[in-house]
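K.L.:
Here are the chains, one letter per residue:
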Amino acid sequence: MTELSVDERHAAGTVELTMQQAVNRALRTALAEDPAVLLFGEDVGRLGGVFRVTDGLQAEFGADRVFDTPLAESAIVGMAVGLAMNGFRPVPELQFDGFAYPAVDQIVNQMARMHYRSRGTAPMPITLRLPSFGGIQAPEHHGESLEALFAHVPGLKVVAPADPADAYRLLLQSVRADDPVVFMEPKARYWDRGPVPVGADASGMDPIGTSRVVRPGRHATLVAWGAMVHRCLEVAELAAEDGVDLEVLDLRWLKPIDADGLAASVARTRRAVVVHEAPLTAGLGAEVAALITERAFRDLAAPVQRVTGFDVPYPAGPLEPQYLPTIDRVLFAVQRTLEF
Amino acid sequence: MDVLPGEVPIAYTEVPGRGVPVLLLHGFGSGYDANWVRAGWPHALDGLAHIGVDLRGHGGSGRPRDAGAYRPAAMAGDLERLLDALGVQRCDVLAYSMGSRIAWEFALTRPDRVRRAVLGGFGPVDAFAGTDLDRLDAPDGGPFTEVFRAAAAQPGADPAALAACARGQAAHPFTADPAPAGVPLLFVAGEHDTLASGVEDVARAVGAAPAVRVPRRDHRTAVSARAFKTAAVGFLTRGVRPLSGV
Amino acid sequence: MAEVTFTLPDLGEGLVEASVLEWLVAPGDTVERNAPLVELETAKSAVEIPSPHAGTVARVHAEEGAVVAVGAPLVTFEVADAPGIVGTVPRAEKPTRRVRLTPPKE
Numbered sequence: 138m139t140e141l142s143v144d145e146r147h148a149a150g151t152v153e154l155t156m157q158q159a160v161n162r163a164l165r166t167a168l169a170e171d172p173a174v175l176l177f178g179e180d181v182g183r184l185g186g187v188f189r190v191t192d193g194l195q196a197e198f199g200a201d202r203v204f205d206t207p208l209a210e211s212a213i214v215g216m217a218v219g220l221a222m223n224g225f226r227p228v229p230e231l232q233f234d235g236f237a238y239p240a241v242d243q244i245v246n247q248m249a250r251m252h253y254r255s256r257g258t259a260p261m262p263i264t265l266r267l268p269s270f271g272g273i274q275a276p277e278h279h280g281e282s283l284e285a286l287f288a289h290v291p292g293l294k295v296v297a298p299a300d301p302a303d304a305y306r307l308l309l310q311s312v313r314a315d316d317p318v319v320f321m322e323p324k325a326r327y328w329d330r331g332p333v334p335v336g337a338d339a340s341g342m343d344p345i346g347t348s349r350v351v352r353p354g355r356h357a358t359l360v361a362w363g364a365m366v367h368r369c370l371e372v373a374e375l376a377a378e379d380g381v382d383l384e385v386l387d388l389r390w391l392k393p394i395d396a397d398g399l400a401a402s403v404a405r406t407r408r409a410v411v412v413h414e415a416p417l418t419a420g421l422g423a424e425v426a427a428l429i430t431e432r433a434f435r436d437l438a439a440p441v442q443r444v445t446g447f448d449v450p451y452p453a454g455p456l457e458p459q460y461l462p463t464i465d466r467v468l469f470a471v472q473r474t475l476e477f
Numbered sequence: 018m019d020v021l022p023g024e025v026p027i028a029y030t031e032v033p034g035r036g037v038p039v040l041l042l043h044g045f046g047s048g049y050d051a052n053w054v055r056a057g058w059p060h061a062l063d064g065l066a067h068i069g070v071d072l073r074g075h076g077g078s079g080r081p082r083d084a085g086a087y088r089p090a091a092m093a094g095d096l097e098r099l100l101d102a103l104g105v106q107r108c109d110v111l112a113y114s115m116g117s118r119i120a121w122e123f124a125l126t127r128p129d130r131v132r133r134a135v136l137g138g139f140g141p142v143d144a145f146a147g148t149d150l151d152r153l154d155a156p157d158g159g160p161f162t163e164v165f166r167a168a169a170a171q172p173g174a175d176p177a178a179l180a181a182c183a184r185g186q187a188a189h190p191f192t193a194d195p196a197p198a199g200v201p202l203l204f205v206a207g208e209h210d211t212l213a214s215g216v217e218d219v220a221r222a223v224g225a226a227p228a229v230r231v232p233r234r235d236h237r238t239a240v241s242a243r244a245f246k247t248a249a250v251g252f253l254t255r256g257v258r259p260l261s262g263v
Numbered sequence: 003m004a005e006v007t008f009t010l011p012d013l014g015e016g017l018v019e020a021s022v023l024e025w026l027v028a029p030g031d032t033v034e035r036n037a038p039l040v041e042l043e044t045a046k047s048a049v050e051i052p053s054p055h056a057g058t059v060a061r062v063h064a065e066e067g068a069v070v071a072v073g074a075p076l077v078t079f080e081v082a083d084a085p086g087i088v089g090t091v092p093r094a095e096k097p098t099r100r101v102r103l104t105p106p107k108e
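Protein chains in written order, with the numbering used here: chain A, 138 to 477; chain B, 18 to 263; chain C, 3 to 108.
Everything labelled a hint here was simulated from the structure, so no lab data went into it.
No residue lacks a Cβ here, since even glycine has one placed at the ideal position from N, Cα and C.
A hint or two may mislead.
Selected chain B positions facing chain C (Cβ under 7 Å, derived; list incomplete) [to be verified]:
hint: 1; residue: Ala-51
hint: 2; residue: Arg-55
hint: 3; residue: Ala-56
hint: 4; residue: Gly-57
hint: 5; residue: Pro-172
hint: 6; residue: Thr-238
hint: 7; residue: Val-240
hint: 8; residue: Ser-241
Next comes chain A alone, as it looks inside the complex (with noise of 0.2 Å):
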C-alpha cells in the first residue's frame, strides 16, 4: 500500500483507493470519530492483517485500540460482545470466512441474541470484519461463502460491499449501527481500485438494507452482492454485444434484503438471474427468487435463475475458476430466460 501522510489520511474528498486501502481508510475514520471503537483479531495490530487492510491503524491509534488477539475466534468474538456490553463499539475481524465456523456459538448465541435477551439494555454495536469468498486460490477454509447461514440467525445483519465506495461507506455505516453486522468483505476484489468519497460525512449513504442498481438495463437484471457483482458487469458488457440490455442489481444487504428494489428492477426487466458464490441448495438465491416471486409474480414473464457454487464443499485452488459462477453459465442463464 502506498504510504499517505497524516493529512491525507484524514481529508475529505475524493480519492482513488483500493478496496483494501478503503477499507482501512473507514477503520482510520470510524476509530478517529468515536473512541469506543476497537480493533482486535490475529495479526491486526502489529503486522496490520493478512490483507494489510489494517495496516498503520496500530502505530496510529495505539495498541490499546487496536490490537492482536490469540488464534481463537470463539475467543475473538466472545470479547467482542462482552466490550460491547461494557459499552465499547468491538470492530472484530476473524481472518478468513471459513475461520468463522468455531465462533459459531458465540456469533449465533451471545452476539446476535444479546439485544433481544437483555429486553434491549445490551445493544450490540459489533461488526464483525469477515474477508469472504472466494477467487484467490487459497487453501481449504479460506474461501467459502457464509452469508446464507448469517442470514438466517435472526439478530444480525449481513451486507458485502462490491467496489472500494461502497466498502468504505457501508463498513462506517455498519460500524455506526447499534446491532450487529457481519461484514462480508470480497477477497478476490480487495485489489481492484476506484473513486471513493471519504470523509466522516461523506455522502450517498442510503439506509441499511437499500440495494443499488449498478448498471441499468430493460431485457433482465441479474442479482449480485460482493465478487459476483464485477462478474455479472463483465456479463452485461458481452451481452450488449448480443443486443440483450441487462441491468446488474448490487444487493449488498443480504439481511436485511432490499425486497422493493428486487420488485422495481423487475418490474422494468420482467427477468431475473441471480448469481452467488456459495452451493445451490439452501443459498440465498432461493431467498431472492421467493421475495421476487411474491412481489412480482404478475411482472415476471420466465422463471428466476440461479446460477451458483455447486453442492459440495469448497474446492481446492486449481478448480475455483470452475466452482465459481462463470460468465457462461450466466449467459446461459439468462438465454433460459429469454426463450422462456
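Chains B and C: place on chain A using the hints.
P.N.:
Relative to chain A, chains B and C alone:
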C-alpha cells in the same frame, strides 16, 4: 539435535544430502548451532550431507569436569564413536578454532576415516600461553580469560566444564609434526586472526595449498565470511564426479 | 509492488544490537527467500541473516561497520503484492465467452 548415548553423551544433527558427509566441528565455548548454523553454513553447503556435532563440554553434549577428559585424543574419540554409530566410514571435516585442533588429531590418528579437512581459524600459536588456567575467572588472568569469560557467560554454558576443557587442551599443545598422512588439508583464517598466526608456515610444512586469508576479518568474524564458505565448499567438492559404474 | 522493511530480529542471548560485517546483496539485486542477506557481528559471534522475503532490494539502512539496534530497519525490499500468507492476487483478464444470446422479440 539427537544424542549419542555413552559415558560422555554427544549431541549431533545429521543432515542428509549429497556426497561424503561433512563433519562440522565448532570452536571453544561455541556449538554446532552458534558456530555453523547461525553463520549460514547449512545454506552454503548447498545440499552436501553433513553432521553437526557439539563437542564434549559444549551445547547438548556431556560435560565432564576433569581436564583429562578433554585431551584431543578423547575428543577425537567421540567423533569416531559417532561415525561408527551413524554407519559413516569416511567423512570430510570442516572445523574452526579448537575444532580444528580436534580435526587435526582425528585425521592424524584415523586418516582412514577422513577424506579431506578444512581447518579454519587455526594456527600453531598456543592460545593459552600466558594465561593462568587455574584462575580463568580472574580479571588479570591473561589473554585467554576474555575468551573464556565470554564463553562461560553464554546461556546454558557450564563454566567448570569449559575451564576443564581449556586445561585439557592446554596440556597437549599442538605440534605440526607429525602431520596427518594422506589427508588433504585446507587452512582458512581471517586476515586479522592473531590466533592463526603462522598458519602459512603450517600449510607449507604439510604440503597443503597456501593458507587462505579472508580479507578484513578476525578470529570471530571470519566464520561467516563468504570467502571462507567459497573456499571450503570448493575444496570439499573439488574433482567430485558422479560414480562412473566401474 | 509493495515495500516491506525488514528490521533487525532478536538474535537471542540477550543481544540488543549487532554491527554490519558485510552486505551480501546490494540495492537492485533480486533475492530469493532464505538466500544469504547480510553478515552481522554480535558481541558473541558472527551470524549470517537469511532473507525473509523474495523480492528486489530497494535500499539498505546501515553501512558496513554500522551498529544496528534490534528492531531498527535493516533493509527494505520491493515485493510483489500478495494477499498475505495464503492465496494469489487475482489477475485482471479480458472477459471471454462462448454462449451467445438471442434478444427477446419486443
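K.L.:
Evaluate each hint against the coordinates.
P.N.:
Hint check:
1. Ala-51: Ala-51 of chain B check passes; min Cβ-Cβ to chain C is 6 Å, inside 7 Å.
2. Arg-55: holds (4 Å)
3. Ala-56: Holds. Min distance 5 Å.
4. Gly-57: Holds: closest Cβ of chain C sits about 3 Å from Gly-57 of chain B, inside 7 Å.
5. Pro-172: holds (6 Å)
6. Thr-238: Holds: closest Cβ of chain C sits about 5 Å from Thr-238 of chain B, inside 7 Å.
7. Val-240: Cβ of Val-240 of chain B sits 5 Å from chain C, so the hint holds.
8. Ser-241: Given a least distance of 4 Å, the restraint on Ser-241 of chain B holds.
Violated hints: none; the structure is consistent with every hint.
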